[in-house]
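With the hints as your guide, set chain B with the ligands onto chain A.
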Amino acid sequence: MRELDPRSKLLMVICISTLAIVYQDPWKLLLLLLCTILMLAWLDSGWLSRMHALAKILPLLALLFLLQCLFTRQGVPLLSIHGINVLTDQGLAMGLGVMLRIIIIIMSAMILLSSSERDFLLALVQWRIPYEIAFMVMVGLHFLPILREEALNVYYAVQMRGTELQKISARLKIKLYTRMLLPIISGAIYRAEQMAIAMDARAFRAYPQRSYMRRLKLKKRDYFLQITMVLLSVILLI
Amino acid sequence: MLLETQDLAYTYPAGKQEILHEINIRFRPGEIAAITGDNGCGKTTLTKLLVGILRPGTGRICLGGNDIAAMSLAEIGRQIAYVFQNPAQQIFCTSVEQEIGYGLKNLGLGRNEIEQRISHYLDYFELSEYRQTFPLSLSQGEKQRLMLAAVLAMHPRYVILDEPTTGLDIYRRKLLGDYLLRIKKDGYGVIFVSHQVKFIKAYADRVIRIEDGRLSDGRGDCG
Ligand SMILES: Nc1ncnc2c1ncn2[C@@H]1O[C@H](COP(=O)(O)OP(=O)(O)OP(=O)(O)O)[C@@H](O)[C@H]1O
Ligand SMILES: [Mg+2]
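In the order they appear, the protein sequences are chains A and B. Heads up: the first sequence at position 146 corresponds to 179 in our numbering, and the numbers run straight through without jumps. Heads up: the second sequence at position 6 corresponds to 101 in our numbering, and the numbers run straight through without jumps.
If you're looking for bench data, these hints aren't it; they were derived computationally from the structure. As the structure is a computational prediction, the values presented were derived from the model and not from experiment. Incorrect hints may appear among the rest.
[Unchecked claim] Examples of chain B residues lying across from chain A (beta carbon under 7 Å, computed):
no.: 1; residue: ILE186
no.: 2; residue: TYR197
no.: 3; residue: ASN201
no.: 4; residue: LEU204
All C-beta atoms in this analysis are idealised placements derived from N, C-alpha and C, irrespective of residue type, glycine included.
If we strip away everything but chain A, and leave its shape as in the complex, we get (with noise of 0.2 Å):
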C-alpha cells in the first residue's frame, strides 16, 4: 500500500489539515485525529517509532492547552475560586480544540514521510509547478538538518568557553541566542553560495527542456482515493 502516489497523499494531507483548521469542535476533531491515525498506520508502517517527536513537544501542548482554558471566559464555569471562573466548559472545548488541531497537523504532516522525496520533487512538477520552485523546496528541506547540527555545534562551543547557560538571567541568554545566529546564518549563505555553484557547473537551468528519468502515474486506487477524499471534505465543510 506504501506505493500510493505522492499527490494522492499530499492531498489527503491538504484535506486533513483543512479540516482540521476549520472543526471547532473536539468531538469532531477527535474522530478526525483517530481518523489521521488509521491513515498514517495504513501508509507508513514505521510510524510508531516517529511518535517519540511528538512527544517531545508534549509540554509545549500543554502549555497551549492551560492557556486557552484560562483565557477564555465564556460559557458556563465549571471552576470557580473566589467568585472568578476560572475554568468554562468553552474554555476547555478549545484548550481541546487547540491541541488536537496541532496534533492532527502534525501526523498528517507524517504521512509524507512514507514518500521519498524525490517522489514529491515530481509529484510537484507534474502539477505544473515550475522544477527550480520544486527543487528549491526539497533543498531547503534537505537543508534543516545540517542547520540544527551547525547550531548545536555553536551552542556547544558558547558553553564551552565558560557560558553557563541555565545559570544566565533570561536577557543575557537572548543576546547571545542572537549571536550564535551569525555563525549559523553565515555557514548557510556560504552553503547555499557553494551549491549554486555546484548547480551551474552541472547545468541546472542551461537548457530550458528538462528531461526525467520517471513519470508519476495514477492509478486506479489514486483517482479513487482522490475524488473520495475531496467529495467527503466538501460534504463535510458544508
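Positioned in the frame of chain A, the structure of chain B with the ligands alone reads:
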C-alpha cells in the same frame, strides 16, 4: 589530573550501529597523544565524548577521578579546550579580539590580564594585524589559528584538537607543533586527531589508532 575513558561505547541516537566499542584510554598531562584512523572510524565522535558534547551510552569518562557526566559543559570547558574539525562553527563574536576575550571574561579575569593574554596569543599565532577584523571573513587557516588562540588563552589542562593541521601551511603547521611541544612542557595534556603521518611522527608521544570503532592495539595505556 588524568583524563581517562572506561569501557566507553557510543551509538548515535539516529544511527543503528554502535560507532565506538569498549574504549579504554588514559591520557596524561605533559603528553601529546595523536588519534588516527580511517575516515568515519569515529575519531570526531571520540573527541566529542571526551569534552562532554556527546554523552556516552555506556562507560564513563573521568577527569581527575571525577565522572564528567556530572559536570556542565562550561565546567568541562575550563579544564579541556576543544577545537572543532570545522572551526567556523565555533566563531560567534564580531571581532577577532572579542573572540579571544569572550572566554577570558567568563573566567572572571581582570582587565589587564585579559588585555595581556589577547595580545600575547594574537602575537603568537600572527593574528595581530587582524585584531579588529570580522572573524568569519578570515581565511580557513586563519580561522583555525584564531580558534586555537581563543581556547588556549583560557589556559585549560587538556587541549583537544580535531584535525588541526588541515588548512594550515607548512610554516603554520610547524608553529602549531612547536606550540604543542611548549605547552606540553608546561604540563598540559594534548590530544589531536590527524591523518598526517609526518606531523604525528614529529610531535606525538603516542599514537592511538582506531579501527572499526576499537583501539587497534587493544589497549590505550601504552607509553
Ligand atoms: N550525528 C550523527 N548521527 C548519526 N551518525 C553519525 C553522526 N555523526 C557521525 N555519524 C557516523 O559516525 C561515524 C563516525 O563519524 P566521525 O565523525 O566520528 O568520523 P571521523 O573518524 O571523525 O571521520 P573523519 O576522518 O572523516 O573526520 C561515521 O560513520 C558517521 O557516518
Ligand atoms: Mg572527524
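Outcome of the hint check:
1. With its C-beta approaching chain A no nearer than about 6 Å, B/ILE186 sits inside the 7 Å limit, and its interface hint holds.
2. Interface restraint check: B/TYR197 against chain A, minimum CB-CB distance 6 Å, threshold 7 Å, status holds.
3. For the restraint placing B/ASN201 at the interface with chain A, the shortest Cβ-Cβ distance is roughly 3 Å, inside the 7 Å limit, so the hint holds.
4. Annotation: B/LEU204 was flagged as interfacial toward chain A, and the flag is violated, the nearest CB pair being 11 Å apart, outside 7 Å.
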